[in-house]
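K.L.:
Listed below are the residues making up each chain.
Number of protein chains: 2
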Amino acid sequence: MELFYAKEAHGSVISLDQEESGHCIKVLRHRVGDEVQVIDGLGTMLRCRIADANPRGAQLEVLERVPGFGVPEYHLTLACCPTKNNDRFEWLVEKATEMGVDRIVPLIGERSERKVYKSDRARRIALSAAKQSLKALIPEITEPITVKEFLQQPLNGTGLIATCFGERIGVSEAIDGDEITILIGPEGDFSPEEAAMAIAKGYKPIHLGPSRLRTETAALAAVSAVYLKFIGKAYVSED
Amino acid sequence: MELFYAKEAHGSVISLDQEESGHCIKVLRHRVGDEVQVIDGLGTMLRCRIADANPRGAQLEVLERVPGFGVPEYHLTLACCPTKNNDRFEWLVEKATEMGVDRIVPLIGERSERKVYKSDRARRIALSAAKQSLKALIPEITEPITVKEFLQQPLNGTGLIATCFGERIGVSEAIDGDEITILIGPEGDFSPEEAAMAIAKGYKPIHLGPSRLRTETAALAAVSAVYLKFIGKAYVSED
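Those sequence lines, one after another, are chains A and B. The first sequence begins at 87 in this note's numbering and counts up one residue at a time. The second sequence begins at 87 in this note's numbering and counts up one residue at a time.
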């Protein structure tokens with residue numbers, strides 16, 4: 087199954103942009119009348135029929151809209167300090183998108199070695215990972231923000247902060263409800279001040295086990311904990 | 087904390103090989119009398135004092151042996167078909183080692199596009215990931231073996247096979263006991279015959295949730311499920 091992406095997928099006829107049209111018409115050689123699947127990036131998959139096979143701007147007739155296509159049962163925000171090595175963070179973006187995440191916030195901590203982050207590449211990775219893992223929801227990759235700025239924002243649902251000091255509970259036990267925000271610090275961890283601010287804000291301190299995990303591995307372990315908790319649930323009823 | 091690796095770490099004096107000696111003496115500039123930590127790769131960490139700072143073969147006096155250093159409470163064999171893209175499999179080796187795995191078996195399935203795999207690079211990655219994540223146990227990376235050959239071997243403990251067809255239970259519920267073997271197929275999944283053989287052998291069919299995960303992501307989700315199940319346990323008593 088191949089998914090295409092259309093940004094403004096409103097109305098009964100939608101168009102693919104030049105890149106998606108080229109891939110659909112030139113590369114995959116789809117013709118007028120072929121049925122194709124399109125995601126709007128917001129959670130809806132559209133079954134469409136090609137009305138105009140223009141390789142620069144294909145026109146598609148919408149046959150059916152499938153809301154919540156591949157959208158997880160939870161809402162997860164992963165706020166994580168980008169790693170020194172950019173590949174490691176981009177890998178995390180791909181893997182978190184495959185498992186299911188709503189929003190990835192690149193955090194700049196007081197101890198972050200990386201103080202600048204460009205979100206555009208990560209957005210392209212999230213798009214292709216969403217298509218590849220059959221999800222109509224493309225995670226939002228926000229612009230980078232400092233930990234303290236992020237903590238000014240209201241916390242909805244359960245907030246978790248992974249730190250290496252103080253009393254902490256295991257991540258799986260800490261996950262509560264279906265709206266979750268997870269904070270993952272830089273290689274040097276959050277500063278005690280940042281951690282204290284988060285805890286005062288209502289974030290629960292968690293641990294990710296005895297292993298010393300790299301930043302991106304810790305972040306993915308936390309995303310896995312959420313993903314696995316809900317697949318457990320999901321299938322009790324289905325099987 | 088920096089860990090060095092010594093293959094034959096017996097007796098009261100051990101030596102580092104040329105590569106480890108160069109790193110310890112030339113790069114990190116350790117001197118006679120300095121205390122350093124060494125892993126034997128089999129689960130024991132040795133606190134040592136440098137007796138001879140030879141940059142080609144440093145001699146270390148063993149002060150203390152710490153068995154089970156960073157060794158997880160479970161025994162996990164991950165038998166996984168290497169991905170077409172070698173980087174993806176090597177990334178999996180690093181991440182699985184960070185979380186904790188005893189043995190990684192590169193499997194060749196009937197539907198594997200990659201029929202040949204060289205394990206040496208993966209072994210170097212496992213060694214550095216074990217050091218980085220403070221584990222004295224370096225996972226064994228076996229030579230590649232076909233799925234059917236692997237299934238000739240006795241299954242100890244719980245065996246799980248991730249497939250895309252048939253009745254399956256969620257991976258977390260399926261994990262039982264502390265000795266686990268997980269089979270992950272190639273991009274094209276196991277053949278029905280391979281899956282039937284595994285199930286006849288006692289492997290439980292599992293699913294890894296609704297997302298279509300890449301091979302290496304599926305494998306890491308399964309490793310995470312084991313890791314997270316045991317960190318949960320571990321910390322109930324500690325916290």
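Each hint should be verified, as a subset may be incorrect.
The list treats identical chains as interchangeable, and a pair is accepted whether it falls inside one copy or across any two copies.
Pairs of lysine-lysine, DSBU-like flavour, derived with a Cα cap of 30 Å [as the list claims (entries may be wrong)]:
id	residue 1	residue 2
1	170	217
2	287	93
3	217	234
4	112	170
5	287	217
6	290	112
7	234	93
Source of the hints: derived by calculation from the structure; they are not laboratory data. All values derive from a computational prediction rather than experimental measurement.
K.L.:
Now tell me, hint by hint, if it's right for this structure.
P.N.:
Hints, verified against the model:
no., hint, verdict
1, 170 <-> 217, "both (27 Å within a copy, 19 Å between copies)"
2, 287 <-> 93, "neither (35 Å within a copy, 49 Å between copies)"
3, 217 <-> 234, "neither (33 Å within a copy, 33 Å between copies)"
4, 112 <-> 170, "between (38 Å within a copy, 25 Å between copies)"
5, 287 <-> 217, "neither (35 Å within a copy, 36 Å between copies)"
6, 290 <-> 112, "neither (51 Å within a copy, 44 Å between copies)"
7, 234 <-> 93, "neither (32 Å within a copy, 47 Å between copies)"
When each numbered hint is compared with the structure, violations occur for hints 2, 3, 5, 6 and 7.
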